[in-house]
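S.K.: Listed here are the chains, written in short residue letters.
Protein chains: 2
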Amino acid sequence: MTTVRIYVTYKPSVFDPQGETITNSIHALGHQDVKSVTVGKFFDVTVDGDQVEATVKQIAEELLVNFNMETYTYQVLEEK
Amino acid sequence: MTTVRIYVTYKPSVFDPQGETITNSIHALGHQDVKSVTVGKFFDVTVDGDQVEATVKQIAEELLVNFNMETYTYQVLEEK
Chain U
54 MTTVRIYVTY KPSVFDPQGE TITNSIHALG HQDVKSVTVG KFFDVTVDGD QVEATVKQIA
114 EELLVNFNME TYTYQVLEEK
Chain X
54 MTTVRIYVTY KPSVFDPQGE TITNSIHALG HQDVKSVTVG KFFDVTVDGD QVEATVKQIA
114 EELLVNFNME TYTYQVLEEK
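Protein chains in written order, with our numbering: chain U, 54 to 133; chain X, 54 to 133.
Incorrect hints may have been included.
If several chains are the same, the list does not tell them apart, and a pair holds so long as it fits within one copy or across any two.
With a straight-line Cα cutoff of 30 angstroms, these simulated DSSO-like cross-link-like pairs (lysine-lysine) come out [stated by the list, open to error]:
#1 Lys88 - Lys64
#2 Lys110 - Lys88
#3 Lys88 - Lys133
#4 Lys133 - Lys64
#5 Lys110 - Lys64
#6 Lys64 - Lys94
Honestly, the hints are just simulated from the structure, not real lab data. For clarity, every value in this text was computed on a predicted model and none was experimentally measured.
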């Protein structure tokens, strides 16, 4: 079993309104030392077998990522 | 400037309907090798100054995390 964390973020060219709103809220709370916030989602996917990387790429591309606006990276968290 | 990634997830005791739905969709696509999916959010927060850890904890606890259902961890991504 391998657990892979897939990170999905907006492409850098896409405006991130949620990050912008959170940054403003943080400043309103008095934390002027926070310069920016960007927001993303992650998916911890546990896969059985030896086709882990192929499976992860397929599900990211078929299901998890909207390539018009988003991009993804992934990282193996745990193998056992 | 330090960039910290704050990960927010459901507590293990809280049912994750989005993860459950995604797991079902992945199985419907034919990937029976995927055993489970859990979903989370992350926030990349860029902080200036030397109070980075205190600031990160405060904004997580005041703003980003709903402690009824969620928990968080964080990791320094980059210092420059």
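S.K.: Now tell me if each hint is right for this structure.
M.R.: Hints versus structure:
no.	hint	verdict
1	Lys88 - Lys64	both (19 angstroms within a copy, 29 angstroms between copies)
2	Lys110 - Lys88	between (33 angstroms within a copy, 16 angstroms between copies)
3	Lys88 - Lys133	between (39 angstroms within a copy, 14 angstroms between copies)
4	Lys133 - Lys64	between (33 angstroms within a copy, 23 angstroms between copies)
5	Lys110 - Lys64	both (18 angstroms within a copy, 27 angstroms between copies)
6	Lys64 - Lys94	both (13 angstroms within a copy, 16 angstroms between copies)
Hint compliance for this structure: no hint is broken.
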